[in-house]
Amino acid sequence: QEVLTIGVRSEASSLDPHWTQLSADLQVQEHIFEKLVNLDSASQPIPGLAVSWEAIDDTTWEFKLREGVTWHDGEPFTADDVIFSFDRLRGGIEGAPASPAFTLDKGGKTWEKVDDLTVRVRTDGPYPTVAEDLAMVPIVAEHVARGVTASVDFNSGDAAIGTGPFLYNEFRSGDRISVVKNPGWWGGEVQWDEVVFRPVTQDASRLAALLNGDVDMIDYPPTADLPSLRDNPDFTVSSIPSDRLIYVMPAYRDVEDYVLDNDGNVMQPNPLRDWRVRKALSLAINREAIRDRIMGGASLPTRNVVPPGFFGYDESLEADPYDPEAAQALLAEAGYGDGFQLTLHGPNDRYINDARIVEAIAQMWTRIGVKTAVDTMPRNIFFSDLIRGHEDSFPGHDVPKFSMSLTGWGTVAGEATYTVSGILETYNAATGGGNGNFGRYSNPRIDARSILAKRTIDRDERLRLLQEAINIGMEDYALIPLHFQVNHWAMRRGLEHAARTNERTLAIEVRRVD
Amino acid sequence: MSAGAVTRPEQAGPVDPAGAPRPAEASAFAAVARAYARSLIAMTALVVFAIIAVAALLAPWIAPQNPYDLTQVDLLDNLLPPGSESFSGQIYWLGTDGQGRDILSAILYGLRISLLVGLASGVIALLIGAAVGLVSAYRGSWLDATIMRIVDLQLSFPTILVALILLVILGRGVDKIVFALVVVQWAYFARTVRGVALVENSREYIEAARGLKLGHLRILFGHLLPNCMPTLLVVATVQVASAISLEATLSFLGLGLPPTQPSLGLLIANGFDYMQSGRYWISLLPGVVLLVTIVSINVVGDRLRDVLNPRLAR
Amino acid sequence: MVGFIARRLVQSLFVLFVMTLIVFFGVNVIGNPVYIFASSECNQACVNGIIADLGLDRPVWEQYFVFVGNALSGDLGNSFTFGVPAMSLIWERLPATLELAFAALVIALGLGLPLGILAGLRPDAISSRLIMGVSTLGFSVPVFWIGLILIMVFSVQLGWLPSIGRGDTVSILGLEASFLTLDGLSHLLMPAFTLSLFMLAMVIRLTRAGMREVLHADYVKFARANGISETRILSVHVMKNILIPIVTVLGMEFGGVIAFAVVTESIFSWPGVGKMLIDAIAVLDRPLIVAYLVFVVFMFVIINLLVDILYSVLDPRVRLGGGAR
Amino acid sequence: MTRAVDTPPALAVEDLRTAFFTDAGRLDVVDGVSLTLRRGEILGLVGESGSGKTMTGFSITGLIEPPGRIVGGSVKLAGEELVGADRARLRALRGRRIAMVFQDPMMTLNPVLRIETQMTDALLAHASMSRAAARAKVRDALAEVGIAAPDERLRAYPHELSGGMRQRVAIAIALLHEPDVVIADEPTTALDVTIQGQILALVQRLCRERGTGLVWITHDLAVVAGIADRIAVMYAGRIVEEGPVDDVLDRPAHPYTRGLIASVPVPGRRERLPQVPGRMPSLLELPPGCAFAPRCAQAAEACRARPDLLPVGPARAARCHFPLVETEAAR
Amino acid sequence: MKPPPLIEAHGLSKVFGEGQDLVGRMLSRFGLERPPRRVHAVEEVSLTIREGEVVGVVGESGCGKSTLGRMIADILQPTTGEILHRGRPLGARRREKGAGLAVQMIFQDPFSSLNPRKRVGALIGEAPKVHGIVAREDLDDYVESLMERCGIDLAYKGRFAHQFSGGQRQRIGIARALAVKPELLVCDEAVSALDVSIQAQIVNLFMDLREELGLTYLFISHDLGVVEHVCDRVLVMYLGRIVESGPAAEIFRAPNHPYTKALLAGVPRIERRRTAYEPIEGDMPSPLAPPPGCRFHPRCPFATARCREETPALREIAPGRLSACHLNDATA
Ligand SMILES: Nc1ncnc2c1ncn2[C@@H]1O[C@H](COP(=O)(O)OP(=O)(O)OP(=O)(O)O)[C@@H](O)[C@H]1O
Ligand SMILES: Nc1ncnc2c1ncn2[C@@H]1O[C@H](COP(=O)(O)OP(=O)(O)OP(=O)(O)O)[C@@H](O)[C@H]1O
Ligand SMILES: [Mg+2]
Ligand SMILES: [Mg+2]
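First to last, the sequence lines map onto chains L, V, D, E and R. Residue numbers are given in my numbering: position 494 of the first sequence equals residue 494, and the series is strictly consecutive. Residue numbers are given in my numbering: position 131 of the second sequence equals residue 131, and the series is strictly consecutive. Residue numbers are given in my numbering: position 129 of the third sequence equals residue 129, and the series is strictly consecutive. Residue numbers are given in my numbering: position 108 of the fourth sequence equals residue 108, and the series is strictly consecutive. Residue numbers are given in my numbering: position 170 of the fifth sequence equals residue 170, and the series is strictly consecutive.
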């Protein structure tokens, strides 16, 4: 009996793959359910339940399904299951906090079965990233999932019947989720007879559980312990830069509540609208120090918005050097030689060491004369304030609250189109443009390229548009990138883990080596 | 229980064996102080607490660094073990934390916040609780019943939950914590004071005061309150200690204070991530100080309970 | 008795009402769970969809009335996160918490009574002072700190005890219990001890104080004057008197212990309701928070009721009567 | 009254000394007390509050607790020495041969145990029998002290009984084993006149019937006058006068006794009561010689020396340098 | 017309008992809860106290002596009935500044009747200061004169109550009462807690004050010896009611009511030696469930059927003497 026990930071809440988009849920579900398109460890699309796909015209994509795949209960997998899954999502899942339906909505997708092993997806215009989108949509079995109660019947195991490498075994809320080997998986031999996920929320406890052998492997080992873990012969650490960009987002309204002059009065105009000020703030950040002193050496300082290997990455953009003198000079040039005050907001339980980074940045900015106060909070409070915490908000009209905040953006699909659109494009509630742009940055030159890129199927052309948009944004310091998180896993000696960019912990990527 | 009602009071206590007047004009305070000083442990605790309190009070003047001033904290000095020297030649006697903050200074300032939180919430809760409890005991009847129902409700709800919910709702900050702690604690005071006040209220000196037509306010605050004071004081010390401890727990749960102005609890919580990598000082040292502080307050409270025990004092 | 219970029920209904009101509106003020669940690429329309799915698009008061309406028919709503009826989640996790709390109670009594008696018999002995000194720690030291230190020492350094989770369980009367297996017991030990510390200190103190008081009581002297043996005096005449305050205080604190399990469970990854609450708060899973609180209040009512009844059994002078105690 | 002169007295106390070692200093609460009690005799021990009556009782029964300690003297129960006897022996004697009844009936019974439990416990401490037999015996004992519906009362808790009933239960317990000596420490002080009368009648009868020797401790001279054969007056830990009840009450030898008697209001006389000035001194600040000297009208230089308890008549003794017997005898 | 007596009370009753809350009322309507327990501590008591008189109240514990005293002293509100002070309701009229209080009470327990946190000077001086009975600058002298009158050493003015003996505390309590210039002192077991030798001192003090200040006393005590010694007139109470009243000497000489008789017979006296006690059997019944008819009938050796049903009225049996017993009707 080969059992792999994994201590995870967050507990999966549901085994219904259409229930949420939380990583914690998805990584467990992925053991049981599969998608038409898989992502490789660098988040690039590869065949999954679909063996191939192509655009047969500007608005139609055809997916060829894999033959001979069976559900865990032995029923064959067909196009009907795919259509059912899409329909299930489109129909809305009662009570689901955040089903991935929106990926189907993007581009106005419609679908049809051509034959048992062929499915066509149509869009309302040229739309290049259908495959990437479908990599977000798990397929459930029509014959079991029809008419079941969302989430409830999946958690009990009744409907948790997929095509994936593992079978549902046990779901004990708060304690463990266990899956066992699917001997008939199309993807080949599965090494583990059983995989157990145990939620251990406290970092210190999770590490302790690894150290004393309660679990074989943990995600998110505390960064402070990384050096000693690496030195310890009994343990191995795997790591990979993630797709999550950590950046500081300035706000661009004319008057910002948290940007004050040295006497404590709200400043007008808002100095953050001056790109020299933004550049100065970027130059004042010592990204290497953050990497070495806070992140345990594990972060990738950057000036890009997607990590290396992702579609849209631009090698020519290098992280800003640490240059406080230049920063001060720039501030003086912009007319703020005496500095000013601002508050940097951030979450304290969302990203790796988020509160610590906020504090460190505050230190660095204060040193060049921008007196920075710090306010960190649990993510639930942070994000709802970030998005619409301002008193001018009303239902249907979101006004962000913070003037400067630390947040992150994960490029889930392995390609930059929706990253550029999300954080650099002008905010537009109707089109979904700039839905992560809570600084309300707006630059027509970026908008033009971003909107065009979303409709460009030609990869080279799209790459050019995206890189141009990114370069414009970075030149203008639309936001101040810090680094890509580097994700770590720690495991006992004798295990090897091919870490993946999208932060998920998959048992099939762990193998015994002794 | 009225069992003791018929004992002859002469037998009440050994302090004044045959009821003879004492030779010295001993003030009550001096007597208590003398009785207190008889316990070496309690004296030590008092001295320790005094040192801690003074250190906390003088933190801005004696701390080598202002840990809240970000220009004085350097990330490049972080995680230094005790006794290390900084870039600028300053010595960090107790090491530095993850942000490069001098632990010694952070402890001193953290003490200030912890004590402030404990004392402020203790005092405010005491004032509210004492007033409510006194009036409740004195007025009696439906007012008493109503107030005590409310107190019961409040008490039947676990402190940590109330504080948690309040902080989730109110947000973070010293004032919010103090508010949450007051909400949690006032009922303890109210109930204790009411209990004592009921006993005192049934004593004949209160009846005498009524017979003398002294006025309700005067009776309440001039006669009843001073006699409830000893018990109040004892409850207060315990509550202050538990407030400090509760604040630490809330900080640990991420609902405490802003990270740039850490209390002792927050220092401990933050430092714990470094514990397993051998950087014990970040969490352990503030922990020890917190421990010593709370223990010393508790010991002082215990001793006060003993020496202020009415059975011994009268 | 009937009146007593009726009064309690009225009282707790009132608490429930006030509490749900506060939590319902309070949680609404702080933040919106949608932004935790929504992926970064989820646009406004998508967010609105989620809001509608969770029923958060209606005015709060309307949501509240719907909630009250459902609650009256026994439905406390589905957890936002799990999509499962909140009450069934709580039932699922409750046994773990109860087991932890009861184990803590057993430790507190099993250790506290003998220690307290020892300290009360010879109040001036070194051992007694030591016991009292150590019991101060139980009051003083924050629980999380003790828990983490215990893990460091017994799990990581010595490797004697497991640090997380619940271990093997056996099903008795349909409830999962871990104290019946060796593995389960080893998982239970540290968290239960951590949780018991406060009660333990309390029991020691109450026992000692009780001993000191009761040992000097006339009726003990009278029992001695009648030649009744010391063991009988201690085990019956003294003990029953001492137990009264202990039962009362422990009863009052037991609810608090269940609540404090929030911290302990989070440290030891104990799959109980407390840990779930912390998680629920982190994601603002309002139905779950409210259901938890409803359940806690309910629990308290029952515990308090039991304690009061036990109290009246132990102390014949107490009648279960009117409202005030 | 039976007076068996040849057998050893039921109780003989010789120069008993008990001291409390407190923070404030040593308190000689019982300071050389000597008493003799024959079978069937009732001895009244009177004195003001704090004069050491209770402590004398506790010392005799070996119930003194730290910081107090018996520091000298002897207590002989039918010839057997109790001072220095081991705990087991003392326990074996207590309740069986010598018993005590306390002042406050509210406090002497354990509030949380049924009367039955408390009584059978006391019974089984010295007798081996089944619980059922014990119950029957205990029930009879209750009936004997005049408690109606004893079966019902056995099931009761102390708080369900009135003060008088409780005191009767306590007396019943004390008399369970028909001890030779009973020390009754102000058992009626807390009770009403009518109840006091009931208890006095009960005790009188039982002593007479069983030949039990009784030490009746009180501060009420009138009660002693009613039931005692002999009387001993305590002042500041010492016996100041001792003798047959009529002799002492009618012709007190010690000025303190005389003062006490005089300050009891006399019916029909409405004038000022003669009063003893001052009050009993603290045991910590006793004057060197006669403890009563500071309050005594006749005090003289000689009173600075400590007087001994000396005979002042047949079967009488007083601790005074200037006993009043001869001069007052004609009164 | 004769001036009205100093104190006149009509039909005083006092009922103690918990009120009932909403839940309780609902429950008792359905018979699920017993109605609240009510204690009739004092029932239908009428009495007159003339100026300069010493009126004694005797009776067993719990018969309502203290409750009556407290009502007269205006500390407790009677449930029904009224108390007139010189013909006007007590406590009803507004006191003008500087006027004394009509009635003061001296308490049984000298240890609890003095505020332990106040010094003697403040204990005595507070009330006259508050009521403006003396000018602020004269307060010291006033307090000292009271202390002197009550036999308290002036040197002790700065002490706390716990530093005094019981007798001295009682003196302080008396001085405190006298400070507001009362006409009537209600002494509730004022000497019962004191030692024999001290008791005499305080009784003497009362008698002295009566002479010097013309005080009137309501003297509550269960010590019949003391009552006989100091009182002009005596009220005998049983279970909340007065069963007999009259001049002290006559009552003690020839008690009329069977209860009074039994009470007096049970009193130990120093001149009664080796008494064979023949006490009344039984305890006083609980005031929660008083027996019907004559309250004393369960213990009364002469009880008849009538006594079990009909409550006897308090009737004059001789000039100045009242008794509540059916037996008097039979003989009359
Ligand atoms: N535990 C103790 N510690 C110190 N002194 C004590 C203690 N117990 C009693 N005493 C002292 O011993 C003396 C004698 O007390 P005791 O109780 O014998 O007096 P008593 O004559 O019985 O008085 P009462 O009539 O009030 O019962 C008193 O002065 C008392 O203060
Ligand atoms: N505040 C109160 N609440 C309820 N019942 C009371 C209260 N005060 C007195 N009583 C009851 O009223 C009755 C009369 O009490 P009161 O104190 O007047 O009696 P007493 O004659 O003074 O007795 P004692 O001689 O014991 O002082 C008693 O049964 C008592 O229990
Ligand atoms: Mg005594
Ligand atoms: Mg009374």
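If you are wondering where the hints come from, they were derived from the structure by calculation, not from laboratory data. From a predicted model like this one, the values you see are computed outputs, not experimental measurements. Glycine included, every Cβ here is placed at the ideal spot set by N, Cα and C. It is possible that part of the hints are untrue.
Estimated spans, in silico, between C-beta atoms of each pair [claimed, not checked]: (1) D/H216 / R/G87: 48 to 58 Å; (2) V/A30 / D/H216: 39 to 49 Å; (3) L/D257 / V/V123: 30 to 40 Å.
Cross-check of the supplied hints:
Take D/H216 and R/G87: their Cβ atoms lie about 55 Å apart, and the range 48 to 58 Å holds. Range check, V/A30 to D/H216: about 28 Å between beta-carbon atoms, so the 39 to 49 Å window is missed. Distance hint for L/D257 and V/V123: a CB-CB separation of about 34 Å, consistent with the stated range 30 to 40 Å.
Violation of the numbered hints given earlier is confined to hint 2; every other hint is satisfied by the structure.
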